[in-house]
Every structure is written in structure tokens, then in C-alpha cells.
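Q: Spelled out from the first residue to the last, the chains are:
There are 2 protein chains.
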Amino acid sequence: MAVGLVGATGLVGRSILQALEQQRFPVGELRLWAGRRSAGRRLPFRGRRIRARELGPSEFAGCRLVFFSGTEGEKGASRAFARAAIDAGAVVIDNGADYRMEPWVPLVVPEVNPGDLKGHRGLIANPNCSTIQLVAALAPVHRRLGLKRIVVSTYQSVSGAGRAGLETLRDEMQNAKCRNQNPAFDRPIAGNVIPQIGDFGDSGYTAEEWKMVHETRKILHDSRITVNATAVRVPVEVGHAESIYFETGEKASLGRLERLLSRAPGVVFSKNGYHTPAEIAGRDQVFVSRLRADPQNPRAFSLWCVADNLRKGAAANAVQIAWLLYKNRMIN
Amino acid sequence: MAVGLVGATGLVGRSILQALEQQRFPVGELRLWAGRRSAGRRLPFRGRRIRARELGPSEFAGCRLVFFSGTEGEKGASRAFARAAIDAGAVVIDNGADYRMEPWVPLVVPEVNPGDLKGHRGLIANPNCSTIQLVAALAPVHRRLGLKRIVVSTYQSVSGAGRAGLETLRDEMQNAKCRNQNPAFDRPIAGNVIPQIGDFGDSGYTAEEWKMVHETRKILHDSRITVNATAVRVPVEVGHAESIYFETGEKASLGRLERLLSRAPGVVFSKNGYHTPAEIAGRDQVFVSRLRADPQNPRAFSLWCVADNLRKGAAANAVQIAWLLYKNRMIN
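Chain order of the listed sequences is F and R.
So the first sequence is numbered by the numbering used here: it starts at 273 and just counts up by one.
So the second sequence is numbered by the numbering used here: it starts at 273 and just counts up by one.
Calculated from the structure, these hints are not laboratory results.
Among the hints, a few may not be true.
Identical copies look the same in the list; a pair holds intra-copy or inter-copy alike.
Stated by the list, open to error - Pairs of lysine to any residue residues, derived as SDA-like cross-links and limited to a Cα-Cα distance of at most 20 Å, are as follows: (1) K420 x P570; (2) K543 x D474; (3) K523 x S475; (4) K543 x A479; (5) K420 x P567; (6) K599 x D388; (7) K543 x S475; (8) K523 x T498; (9) K543 x G470; (10) K543 x G473; (11) K420 x R571; (12) K420 x E519; (13) K420 x V485; (14) K543 x F472.
It should be emphasised that the depicted structure is a prediction, and the values quoted were computed from it without experimental measurement.
So that you can see chain F by itself, here it is in the shape it has in the complex (with noise of 0.2 Å):
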């Protein structure tokens, strides 16, 4: 099967290259594309390096699957290019934000909502990465209790923003003074932490916020449940942890709670201690931990859940994506 990648020379586009190999998807041939200033480079797949080519509309004959990797919140390729890959018959599987809450575009995370892939349109948008973590933790919950509320607030690492993310947060753990010219973020990270992701817009929350609340409601079919969001940015190169804080519909033990948990799938629940960011950087699952009842609410519970952004926040969810439209032959 061809396949093809646009952004390939960005940190989740390298991602995605690791989990098409670890995930052993059938790719035959593969095309890399990057932006005018990184096309050229080469880049590492199944012992080879392939060269990443500009991107024009015409790239895309012949290909059934291209992936779009943009990095939390970038206003990707897609717009662009995305119409034109599917007229020339692919699917396409896009990591930016552009078209995820367009009615016709299914919103996915395979362990959660595989069914939205029926009757797709062409084009399959993979949900932001703290939506990710979010839904795949607690979708079990709201299968079989009900989700009224969530309270979430992240502790989201420097990666989400990209390769400038990264070199930001290393440039000014190096200096005191920051020497990047470009710095990704409107105040200094090293030593100290941001409640902005993204741009303010309606109502004082931020894009990453809003993310939040309509892609849970999308993907979990409900409407009615509440998302009050927090976004936060904080000294780690990679993985995004968030303190949740949920009302079931129905009374619930802890106990039922946990088995709810340890046996969702893709997640690893600990019912004892706990874990950080910097343990599960480079795995694929979501990491749930800290599961607790409210002492005073009946209906309330909080976890902790921790995952990799730029692989089940982002690459590794894309790939399961495609191996769903592959085995059930939606891919033509």
C-alpha cells in the first residue's frame, strides 16, 4: 500500500514513522513531505532513510492513505492539501485541529468510538492529544455510569507545541537568559509553568480548553456532559499528565470503579501508587492512577491519567486509526 506523510520532519510526523514500524502497518511505498524549509532531509523508516519532498497537490496519485501531522493547535497542511489527496483516492488521516468538529469528519480513538469510522467521507481527524487521554480514560466510566461533569487540569509538556516546544524549554534550561529568538511560549518555561495553550477565545477559556469540551462530547455521542478545562504548560519534554475530577450519572463504588479501569482497554490502571510523565514517555497506552472517591459526593471521583502526547496523543492513535480502516477494508 502507498502511504504518505505530510509534515514528516516534525516531531509527531517522526512519531508517526516510529508506530507505522512498531505497529507493523503495511506500508509499501512510502512518501515523505515537509515544509520548503525541511524538505530534503532524510529520515529513517525500516532501515532506510527517505527523502521528505515539498508538497504539491499532485503528489498524492496513487496514494491510499496519507497522514497530516500537525502539532496540538497548528493550523496544518490540511486545509491546504487534504481535499486534493482524497480526490485522488486517499484516505486521509489528519492530526490537526482544522477539521475535527466538522459534522461529516469522524473524530476517533480506536479503543473508544471504532464505530464513527463507518461511512466515512474520506477523511478521518485524529482528536487533540489531551483529549485523547481524557476520553480513553473515562469512556468506560460513561458507558456504564454516565458522565454528568468533568473538571480537568493539565500539566501538559513543552513537546505538545512541537520541535520549538522542545528547543525553547532546552535552549532556557541552558541559559539564563534565553537565547531562542523564536520562543514558543509568552513567558519563560524552564522553572515555571503557564496556564495558556493556545489563544484566549470565547469566554476567557483557550483553544486548548475549548478542545476539550466539544471534542469529549463528540466523541463520546453526549452532549449534556460538562467540561470545565484547564490547560497548563509545564517543564517536560514529553508526555502530558491531567488531574480529573468526574460525576458518574449513577452511584458507583470505588470498587466498581476499578474494575472499570483495569480492564479498559488501552489504559494501564495502577490501584496503588501512581505515575509521571517523564516513566511513560516512549509507550503507547494511557496511564490511570490515583483513583479515589469524593468523601462528600457519592457521584464523584478523581484519577490521575498520564499519557505520551506524541505517541497516544498523537502518532500512536493515528496509526491504530489506520489499522481499524485497513482490517475493515475502508481504506480503497
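Assemble chain R onto chain F, guided by the hints.
A: Here is chain R on its own, set in the frame of chain F:
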């Protein structure tokens, strides 16, 4: 006035010395005490250098005021020595956690519950750092509108764990492998976040999380407020941040909340923009920003709250208590 300071060489102890100078507290004689390993060190105060001696129960004679400075969660010297200081005629202001929840002990944030100092019995407790900034921000809301529920996730700096916390972070940042023989945290903190502060206790909540529940209720005189806390350590040197979601008893407009917070004593409220820990380290106020209404619940709001944990979270609050006692002739 003869003033004593137990734990003078610690981070909070040194911060109390600074606060006594900066708040121009009427210190006549100053006696400093430290643990065995730190006794003998000389500390700067008003241009002199004063030697810290080892503490013994007969050291308090003549002291009218004694500060006990423990860091976050530490079992302090106050259990061993506070009674001797009180019996010697001193009023004790204890930064440690040992006495905070004793019914006879006032737990005071001067902007919030100064009246609790009346009829004190010789010992006043300084609340936990993460509680002080929470109640300073929310007390005006509680007073005018009532507070039903608080859901808070913290971003707490390593200095909350004292000098050992600071040194652990600095060591880890200089070395890929931690050379610190006794790291202050159970996991690496550089480039990481750790969802545990204090030991795990009842129901899976940590000691730090329970402090925020019990101390908030005690300070606000309202045992019906539900507080759900998640306390997280982040790789920041000084300054704690909190993502706070709260529900009021009465409905209120965002404008009403903005007016309440902009008039709140000791609070710097920013209607636009936000504060980060690195910016406000060294300042004595509580900084509140990102106030927003929950679009889905007319009684719910969110805000972002930052304060210097060594200053308003510890030393500055303790010296403010001392001033209140002094002005109200509550020191013998």
C-alpha cells in the same frame, strides 16, 4: 520586644527574617535557634549577623513572641518546644502542621479571619501554603455568595519541601543522573511532575490534599464546603500555582465576581492576562487571574491563583499575624 525564631536557618526561617525586616516589625532582641547541624551559623538581620544557637527548653525566658518555622508537612520542633515557649510567657506562631487542627488553636490568614485571634491561648497556627492562597482568593466569594464546592489542582514548587527540595531539583537539572544521595522526592522532579505531596492517607488522598480540605473549612468557619484537591509537585523553585474550580451558593455574574476579587485584601487580581510563579516569586500578595464563568453552570467559576509559597504561603503570613497580635495588644 524579644522575638525568637526556631528553625532560623531553613528556607522559611530565613524568609521570616526577611519579612520581619521588610514589614518593620518592632523587634528589640532577636534570638535564633537551629537544629544541631545548623547551630552556629550566622544569619543577616538589619545589617548585623546573628548566630543561631541550639534550642533547649530554657532558652525562651523573656521572649514575648516565638516563631516556629517548619516547611510544608514537616513535623516541627513545636511539638517538643512550643509548650515551653508558651509557659515562658511567649506567644507562639507555628508554621508547622502539628497544631493547626487543634480546636483551641486559631488558624489565621490575616485578610480572612483576623477575629479568630481573639482569646488565643498562646499559640497561633500558620496555615499550609497551598491553603493560604486558596482561602485568600475565595474568602470574599464565600462571604458574599457562599461557597458550596471547590475542586483544586495544584502546581507546587520544590521549595515547599524546604532546602532539600531546592537542592534535589538543582542537582537533577545539572546531572542526568541524580547525584543527590537523599532526594526530597520519590521520583525525579526535573523535567517531570509528581502527583504526591506528603504521605498517602485516608481514602487515597495525600496529607497535603487533606490539609486543604480541613484547613479551608476551619479558616472559613464552614464545614459544609466540599473541597476536592489534587496536590502535584512541579519543577519550579519558588511559587505555588492552583487551578481552582468553585461553585457559589448564590448565582452571580462574572462582573460581580470580578468586583469582589479586585477589592479582595492581599489579592492582586488581573482581569486580563495571567501570572506565573517565576514572575511573582519574592512578592507577598496572592495573584489571581483567568477568572471565568462556567458556560454550563451559572453558579460555577474557574480561576488561576499564584503565590510565593515561602512568603505569603509561610513567612509573610506569619509576620502579618505577629503584627495583628501586636497592634491588638494580644502579646503579653
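Q: Next step is simple, just say for each hint if it's right about the structure.
A: Each hint tested on the structure:
Taking the closest pair of Cα atoms, K420 and P570 come within 20 Å of each other both inside a single copy (13 Å) and across two copies (16 Å). Taking the closest pair of Cα atoms, K543 and D474 come within 20 Å of each other only across two copies (15 Å); inside a single copy the shortest separation is 38 Å, beyond that limit. Taking CA atoms no more than 20 Å apart as the test, K523 paired with S475 passes between copies only; the shortest distance there is 17 Å, against 32 Å inside one copy. Taking identical chains as interchangeable, the C-alpha atoms of K543 and A479 lie at most 20 Å apart only when they sit on different chains, with a minimum of 18 Å there against 33 Å within one chain.
Taking identical chains as interchangeable, the C-alpha atoms of K420 and P567 lie at most 20 Å apart whether they share a chain (18 Å) or sit on different chains (15 Å). In this assembly of identical chains, K599 and D388 lie within 20 Å of each other by CA distance solely inside one copy; the values are 15 Å within and 68 Å between copies. Taking the closest pair of Cα atoms, K543 and S475 come within 20 Å of each other only across two copies (12 Å); inside a single copy the shortest separation is 37 Å, beyond that limit. Taking the closest pair of Cα atoms, K523 and T498 come within 20 Å of each other both inside a single copy (18 Å) and across two copies (18 Å).
Within a single copy, K543 and G470 get their C-alpha atoms only as close as 34 Å, which misses the 20 Å cut-off; across copies the closest is 18 Å, which meets it. For the identical chains of this complex, K543 and G473 are inter-copy neighbours only, at 14 Å across copies versus 38 Å inside a copy, given an alpha-carbon limit of 20 Å. Taking CA atoms no more than 20 Å apart as the test, K420 paired with R571 passes in both settings, with 9 Å inside one copy and 16 Å between copies. Taking the shortest alpha-carbon separations for K420 and E519, both the intra-copy value of 5 Å and the inter-copy value of 16 Å come in at or below 20 Å.
Within a single copy, K420 and V485 get their C-alpha atoms as close as 13 Å, which meets the 20 Å cut-off; across copies the closest is 23 Å, which misses it. Proximity of K543 to F472 under the C-alpha cut-off of 20 Å is restricted to the inter-copy arrangement: shortest distance 13 Å between copies versus 37 Å within a copy.
Going through the hint list in order, the structure satisfies each hint without exception.
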